[in-house]
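Please model the complete structure; the sequences and the hints are all you need to start from.
In numbering that gives the first Met the number 0, the protein residues as written are 0 to 75.
Don't take each hint at face value.
[Said to hold, decoys possible] Straight-line C-alpha distance at most 20 Å; calculated EDC-like pairs for lysine to aspartate or glutamate: (1) Lys51 / Asp75; (2) Lys48 / Glu11; (3) Lys14 / Glu69.
[Stated by the list, open to error] With beta-carbon atoms standing in for the labels, derived distance ranges: (4) Glu69 / Pro39: 25 to 31 Å; (5) Val46 / Glu70: 15 to 21 Å; (6) Ser29 / Cys58: 25 to 31 Å; (7) Asn1 / Asn49: 27 to 33 Å; (8) Asp40 / Thr12: 15 to 21 Å; (9) Cys41 / Glu11: 16 to 22 Å; (10) Glu4 / Val53: 26 to 32 Å.
None of these hints come from the bench; they were simulated from the model. C-beta atoms are modelled at their ideal positions from N, C-alpha and C, and glycine is treated no differently.
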Amino acid sequence: MNIQEATKASIETGKLMVRKDDPFNRKGISEIRINPTDGPDCCVIHVVKNGKEVRRQRCWNPQAADLVSEEWILVD
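In structure tokens, the structure reads:
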């Protein structure tokens, strides 16, 4: 799905967004999960390695490739 569809679904379900075609995921470095909010932290990044969250970061800044990707999915 596109980023707008994924954002709406994430807000409705409470699940996090992941871009299947994310270059970091393909390289096996880590998985970047996004929690979209309207709060002061904006969109919160959850960095996951080997299935375990290792850190969170506030104020995700998407690149153009993130905005046009049709490969967004939701995860728990």
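Here is what the structure says about each hint:
1. Lys51 / Asp75: 12 Å, holds
2. Lys48 / Glu11: 26 Å, violated
3. Lys14 / Glu69: 18 Å, holds
4. Glu69 / Pro39: 25 to 31 Å: Taking Cβ atoms as reference, Glu69 and Pro39 lie about 30 Å apart, which means the hint holds.
5. Val46 / Glu70: 15 to 21 Å: 19 Å, holds
6. Ser29 / Cys58: 25 to 31 Å: 18 Å, violated
7. Asn1 / Asn49: 27 to 33 Å: Because 29 Å falls inside the window, the suggested range holds.
8. Asp40 / Thr12: 15 to 21 Å: 19 Å, holds
9. Cys41 / Glu11: 16 to 22 Å: With a Cβ separation near 19 Å, Cys41 and Glu11 satisfy 16 to 22 Å, so the hint holds.
10. Glu4 / Val53: 26 to 32 Å: 28 Å, holds
Figure legend: structure checked against the earlier numbered hints; hints not met, in rising order: 2, 6.
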